[in-house]
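S.K.: Sequence:
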Amino acid sequence: MSPTLSFSAISTTLMSLLLFVPGVFSATFTLVNQCGYTIWPGLLSGAGTAPLSTTGFALNSGESVPISVPSGWSGRLWGRTMCSQDSTTGKFTCVTGDCGSGTVECSGGGAAPPATLAEFTLNGAGGMDFYDVSLVDGYNLAMLVAPQGGSGSNCTTTGCVGDLNGACPSELKVMSGVSSTDTECVACKSACDAFRDDQYCCSGAYNTPQTCSPSSYSQYFKSACPRAYSYAYDDGTSTFTCAAADYVITFCPTPAASKKSAGIQTGAGDVSLVTSGSELSKMQHPLQFMAIFLTLGVSLWQLKQLH
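Residue numbers for the sequence shown follow UniProt numbering, beginning at 1 and rising by one.
Just so you know, the hints here were simulated from the structure itself, not pulled from any lab data.
No false leads were mixed into what you were given.
What follows is a set of in silico ranges between Cβ atoms, one per label pair, in the way DEER data are often shown: (1) Ala47 - Gly236: 20 to 30 Å; (2) Gly102 - Thr38: 16 to 26 Å; (3) Gly102 - Ser151: 41 to 51 Å; (4) Thr208 - Thr88: 48 to 58 Å; (5) Ser203 - Gly236: 19 to 29 Å; (6) Gly46 - Gly236: 16 to 26 Å; (7) Gln219 - Thr88: 39 to 49 Å; (8) Thr88 - Glu184: 21 to 31 Å; (9) Ser170 - Pro51: 36 to 46 Å; (10) Tyr37 - Gly204: 37 to 47 Å; (11) Thr103 - Ser61: 16 to 26 Å.
Even for Gly, the Cβ is constructed at its ideal location relative to N, Cα and C.
Let the sequences and hints guide you as you build the complete structure.
M.R.: Laid out in structure tokens, this is it:
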């Protein structure tokens with residue numbers, strides 16, 4: 001084998017390795033907990049998409065955790081609340097957002113409704129990321145998704161920052177408490193989940209945008225959170241796109257963020273909405289820089305051999 005071919009093989013190998021170095025061809029999701037209590041995020045990859053490095057973990061109040069997400073990933077994430085582990089059986093369960101795995105890791109389990117969902121498809125049509133915050137399965141926590149460093153005319157912050165549990169219609173409330181006299185609303189069901197009616201679920205005879213209209217219940221969610229999905233065909237005002245962005249997902253965002261998410265346009269460069277740990281993660285993989293420099297060096301050597 002000639003030296004040129006040998007180095008060419010090395011160059012190809014190094015470039016291939018770059019594809020598996022997090023942060024080169026990937027996004028960083030930084031999950032931030034601004035609630036006054038611990039939550040347990042759950043992460044579910046879509047069909048045909050490999051699971052992430054974690055599918056569930058504890059996130060203490062004030063803590064932020066970066067997660068590297070590969071290009072082409074699709075899936076959803078949410079916050080679980082009021083979780084505990086049975087001292088006898090060891091089974092882990094949550095009052096809201098439980099994924100049914102019996103452990104802190106969700107391991108392929110999705111959120112039991114009601115739960116506020118952040119949904120992503122990275123590097124989709126036209127190389128754009130598609131993302132939204134959905135209340136179609138109900139609401140349990142305020143959540144904000146803020147793109148960082150991306151581009152695009154519709155690359156902006158979305159979410160639901162208000163507490164919908166307090167004013168939740170009585171027929172949609174999920175109650176929990178330490179006793180029958182000490183209860184509170186901990187989540188707000190969707191009308192579909194509460195009534196199992198085709199007209200609320202956009203199913204059966206109501207399975208098209210023309211036949212399934214917003215209900216008074218979905219309008220409750222929409223009026224409180226104009227940028228979030230409120231029912232199945234709420235695409236026009238609820239889906240956002242970015243190119244080459246990282247994302248900060250904040251649970252219980254600060255009240256100061258409410259004006260931004262209530263309908264006032266927020267550019268991708270405005271990072272003051274949430275506490276962000278994403279910048280800390282952008283330089284966390286020194287191996288990627290070593291591989292890049294080695295690859296450039298080999299390429300220059302190859303060019304020199306041609307003259």
